[in-house]
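Working from the sequences, and respecting the hints, build out all of it.
Listed below, chain by chain, are the residues.
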Amino acid sequence: MSGSATRAPVIEITPELVADHGLSPDEYEQILEILGREPTFPELGVFSAMWSEHCGYKNSRPHLETLPTEGPLVVQGPGENAGVIDAGDGWGVAFKIESHNHPSAVEPYQGAATGSGGILRDVFTMGARPIAILDSLHFGSLDSPRSRYLLDGVVRGVGDYGNCVGVPTVGGEAIFDPSYERNPIINVMCIGILRLDDLMRGKAEGVGNAVMAVGARTGRDGIHGATFASVELDEGSDSRPQVQVGDPFTEKLLLEASLELIGRDLLVGIQDMGAAGLTSSGTEMAARSGSGIDIDVALVPVREQGMTPYEILLSESQERMLLVAKPGCESSVADVLSKWDLEAAVVGRVTDDGFFRVRDGGEVVVEIPVQPLVNECPTYTREGVEDPEVRRLRELDIAEYSAPISDQEAADALLTLLDSPSLASCRWIYEQYDTTVGTNTVVGPGSDAAVLRLADSGRGIAASLDCNGRYVYLEPRRGAKIAMAEAARNVACSGARPVAITNCLNFGNPLKPGTYYHFAEAVAGLGEGCRALSTPVTGGNVSFYNETPDGAVYPTPVIGMIGLLEHLDRVVPSCFRTPGSTVVLVGETGDELGASEYLAACHGVVGGAPPQIDLEEARRLVDFLVEAAERRLVLSAHDCAEGGLAVALAECSLGGPDGPLAVEAELRTDVPAAAALYGESQSRVVLSCDPETVEEIVALAAERGLPVAVIGSVGPPDGRFRLAAAGVQIDLELDRIHDVYRSALPRRMEKQAGLTT
Amino acid sequence: MPANQLSFRVEIRVTPREGIVDPEGQTIARALEDLGYRGVSRVGSGRLLKLELQAPSGEDARDLVTRMCEELIANPVIERYEVQIRSPETASP
Amino acid sequence: MPANQLSFRVEIRVTPREGIVDPEGQTIARALEDLGYRGVSRVGSGRLLKLELQAPSGEDARDLVTRMCEELIANPVIERYEVQIRSPETASP
Amino acid sequence: MKIGIVRFPGSNCDQDCHRAVDEGVGAEAAYLWHKSHDLEGCQAILLPGGFSYGDHLRAGAIARFSPIMREVIAFARDGGPVLGICNGFQVLCEAGLLPGALVRNDSLRFRSHPVRVRVEQTDTPFTSEYEEGDVLRMPIAHGEGQYVADQSVIDALESERRVIFRYVDELGQRTEEANPNGSVRNIAGICDEGRRVVGLMPHPERVVSKLLGTDGLGVFHSLIGSLQATGDGTTTQTTRAGDGPAAQAAEAPATHAPGVAEASAP
Ligand SMILES: Nc1ncnc2c1ncn2[C@@H]1O[C@H](COP(=O)(O)OP(=O)(O)O)[C@@H](O)[C@H]1O
Ligand SMILES: [Mg+2]
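Just so you know, the sequences run in chain order A, B, C and D. So the first sequence is numbered by the numbering used here: it starts at 1 and just counts up by one. So the second sequence is numbered by the numbering used here: it starts at 1 and just counts up by one. So the third sequence is numbered by the numbering used here: it starts at 1 and just counts up by one. So the fourth sequence is numbered by the numbering used here: it starts at 1 and just counts up by one.
Simulated from the structure, these hints should not be mistaken for laboratory data. These numbers were taken from a predicted model, which means no experiment stands behind them. Glycine included, C-beta positions come from ideal geometry on N, C-alpha and C. One or more hints might be untrue.
Some chain D residues judged to face chain B by a derived CB distance under 10 Å, without partners named [unchecked claim]:
#: 1; residue: Tyr-53
#: 2; residue: Leu-57
#: 3; residue: Ser-66
In structure tokens, the structure reads:
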């Protein structure tokens with residue numbers, strides 16, 4: 001059903017109304033200047049949405065512009081629905097990340113589901129078939145019922161959506177810290193593959209070409225979602241923000257129909273109607289092409305009666321796309337959509353006058369020049385100031401925690417860490433995700449990086465999502481560099497060469513100087529990391545206002561790293577596979593307990609400086625790992641991260657597909673025992689290899705200037721986990737630590753069902 | 001259990017709030033049409049919960065059920081619920 | 001549409017057949033208990049379908065709805081259904 | 001020899017099945033659109049996994065009314081081999097080609113992980129290449145995989161040896177822990193009375209390559225072998241008169257020994 005939209009009464013534009021739309025008086029002045037007159041009410045809505053933080057990047061753009069975005073493999077950098085890299089032989093990999101923090105805080109199931117839906121659309125509108133999803137989840141402590149409720153709903157939401165569409169969820173991270181209480185971070189990354197010949201973009205070219213709205217009908221849901229994502233969650237207010245409901249079944253139909261339309265060369269351009277719906281898709285497509293667009297809201301299929309132009313323009317109903325058909329292809333386009341039981345309506349035409357013009361039947365209700373609307377959103381560079389409390393915590397004297405510990409204390413600490421939900425097995429989460437549909441998943445969740453088959457090329461794609469918010473909080477620049485290095489290391493552990501990133505910058509209110517400082521420093525660190533590792537940014541997302549009444553969440557710039565693997569049959573697993581193999585530690589272990597999970601989980605301390613990171617060394621480590629895999633020197637490779645060497649070794653022994661393997665290891669070092677076992681010194685990797693190849697590995701590491709030590713062996717038949725360092729010996733029954741590691745999440749989650757409070 | 005408890009039969013219906021999409025209802029509507037059923041419209045899907053409740057009075061029962069709905073059974077952001085309580089007299093047919 | 005059609009409001013409740021597991025009902029029962037609700041028993045879950053129907057008479061409406069249920073809406077292997085039809089008079093409040 | 005793979009709106013293992021047939025065992029695979037009335041001469045039909053019609057109402061409830069399902073039902077009633085995997089199994093139960101029903105997992109959660117299933121019977125077109133008692137490792141990925149049926153149906157299934165796959169542990173033992181969804185008697189797959197229609201919840205089509213595991217290959221090799229053994233595979237023409245071109249009887253007579261899967265170039 002479509003008909004004339006309900007004629008809205010003329011609404012007077014008052015200063016209050018302008019303020020309610022999140023526009024400052026200066027910004028309003030700029031609007032008056034652009035238009036040369038007062039805006040109409042729908043025009044005010046359009047500006048408000050496009051100049052929101054979410055669409056306009058007001059507070060972030062100047063910093064984002066410092067990130068490197070070019071490289072030999074980058075086919076499409078930031079500015080499109082998703083980034084694309086060249087994967088060889090005419091194959092491309094499209095990928096992008098998206099946050100859905102605020103909707104998920106209110107309605108975890110639907111919030112997470114619609115986040116997955118949006119990022120899938122961003123990828124398949126590039127002409128790519130989505131082959132994998134990864135999710136980065138940061139929640140409050142699982143001791144809180146609210147956090148358990150949120151985790152339960154989010155996991156179901158991410159799972160049900162991907163499962164239904166048939167895209168496997170193959171990796172991610174789950175981190176728990178009270179800082180995220182009530183404002184969880186839900187970032188979802190999607191990876192798709194395409195023939196580069198089929199690469200599609202969100203363009204609106206060719207005067208007179210039909211602009212079509214396809215997919216679900218437009219309802220009143222999520223109006224001003226983009227603005228909503230740009231304000232703090234207000235505890236007291238009961239004006240519940242509108243939450244959208246996802247429909248993965250329709251999404252699946254849209255996915256197949258879109259790929260068929262692109263494959264048959266019927267389209268000029270296509271874009272998801274995501275945040276700010278018809279407004280952002282229409283104007284962004286026109287802006288990219290330097291064209292104009294003329295639409296009639298009366299032609300848009302709607303779900304509810306009496307929708308006004310304002311509502312139709314700003315609705316964020318899910319599973320909708322805007323596309324521009326090639327001349328003469330309109331009816332073929334309609335045929336394809338109807339084959340997939342989808343609705344399509346011609347709602348307008350491409351013009352060449354550079355205006356976004358919206359009619360309601362005959363009457364023009366919006367007429368805005370596209371370029372300033374899309375590209376001249378005012379941006380702000382502010383003064384960032386480090387919060388003194390942060391500095392105090394960073395400079396906290398943590399020397400006392402390096403005091404000698406007993407064997408018993410060392411063992412207890414390991415059990416505590418393996419029981420910490422951030423370090424424990426995530427199996428409870430990923431067993432709710434279909435990880436193998438599509439038969440591209442060579443390495444699924446539970447490894448350092450997921451590895452996917454790149455069609456029949458014999459090559460692979462590796463991907464990892466990483467961010468330790470505690471590091472970034474305590475020292476943002478270093479924390480961001482660590483996130484970069486860790487993501488690259490994870491990918492390289494699988495044998496793949498890291499080639500590009502997407503990123504999702506989750507921060508608090510940027511108007512607060514402390515948050516702004518975090519943001520600016522973290523982006524600077526990100527840029528350094530990208531340059532040092534030769535992994536340019538191809539896109540990303542910024543989510544501000546992640547605040548709760550207790551303050552901002554930890555600054556959390558999540559890195560989505562993509563790597564390419566030359567020979568899929570040389571992929572390296574994370575965990576020990578072979579009894580009798582030798583265990584090797586690459587990298588230097590320092591006296592670095594600062595910002596560690598050990599301090600947080602075992603001593604309740606958040607403080608100290610995060611570990612040192614030398615990006616040049618990080619790069620040499622990556623080169624070493626890639627070459628070792630290429631030469632088939634290693635049987636497994638696992639990155640040392642949160643929880644230090646002891647936890648890394650335990651993960652290697654517990655995570656294999658055929659059950660746990662015993663291990664016996666000793667690290668000779670002058671570093672105090674607690675730091676040797678649990679410190680989080682960077683650029684370290686635990687390898688296992690055939691005893692015969694040890695020499696070659698040692699030589700290769702030395703060639704790259706990397707410290708290396710043979711520390712033990714896999715699979716003594718006594719079924720124990722033994723690790724000695726600095727005179728302290730951990731000796732635990734394998735089954736015991738396995739139990740703790742495996743049951744940490746289910747033990748907390750399965751005792752209660754969903755709560756809605 | 002205190003002697004002065006009464007027994008109630010409760011039925012709770014949870015349906016999508018006005019304006020929230022109902023993909024399930026849409027699919028069922030289409031299936032009915034494909035099967036040749038004519039004259040069907042406004043198909044809406046929902047969940048149903050039945051339970052028995054001991055409470056001192058009908059008013060207490062209603063209070064309790066309302067709290068349950070708000071806390072656990074429905075998510076008011078996207079769902080609405082209706083409660084039907086049959087008092088002890090009418091409970092036994 | 002023929003002029004002599006009446007409009008009915010139909011509500012269909014589908015619940016697990018006797019003897020068929022109802023894990024959803026059990027889980028909700030457990031959750032309610034965990035949350036401290038006492039005196040709740042016999043929790044059962046089901047699905048709800050609402051629709052509007054045009055039919056020449058109440059009898060026709062019931063026939064039609066029964067056919068829908070048998071053919072599509074309930075699976076007799078595991079489910080039973082109840083139908084409530086509100087006639088045109090009572091349909092408008 | 002041609003194997004048909006039905007695509008319902010919401011099917012999402014159709015491509016995996018296609019690949020298992022053509023790359024896995026080198027036979028010809030053809031997609032059959034749900035709106036079509038024509039099996040296009042296929043000698044066996046696969047109903048793939050996924051979420052046909054979004055699993056709305058009940059998994060498989062709406063798909064069974066698709067035009068193509070009318071043909072599939074007729075084909076099956078005439079003894080044509082039909083395999084339903086996951087959602088396909090649900091469709092077969094809804095369509096009445098297999099008894100019982102699949103309801104929500106007892107955990108109320110979607111479950112996705114490798115399981116082990118024991119081959120209980122080898123006299124079906126989809127298990128003839130296995131040995132009775134073989135323990136296969138393949139993934140499950142479903143929210144509604146708990147097999148239920150009346151006691152009399154279960155008794156009949158058991159006494160007629162129609163339980164084809166059962167969830168077991170690494171040692172091949174039927175244990176409660178090995179049962180991922182609460183299915184009665186650990187049932188993972190069954191067949192119809194004629195033993196030509198088989199449904200199972202795990203995904204053999206996901207383990208048909210060296211890279212990802214090969215335990216599912218036997219299902220497809222069995223099918224090819226049994227089609228070759230019976231000559232043209234299909235016993236009768238099942239396309240309704242007037243519905244498109246008459247399905248060609250299989251072009252190639254069985255020239256290979258039964259059980260030898262040979263790539264037949266499409
Ligand atoms: N953190 C970031 N780093 C690099 N590019 C970014 C970042 N955030 C956003 N971008 C880019 O800015 C462009 C505008 O994003 P937009 O499409 O408005 O985002 P969304 O899809 O979330 O609505 C996109 O190309 C996006 O990749
Ligand atoms: Mg976008």
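Comparing the hints with the structure gives:
About 5 Å separates the beta-carbon of Tyr-53(D) from the nearest beta-carbon of chain B, less than 10 Å, and the hint is met. Against a cut-off of 10 Å between C-beta atoms, the interface hint on Leu-57(D) holds, since the closest Cβ of chain B lies about 6 Å away. Interface hint status for Ser-66(D): upheld, as the beta-carbon distance to the closest one in chain B is roughly 9 Å, under 10 Å.
Violated hints for the displayed structure: none, as all numbered hints are satisfied.
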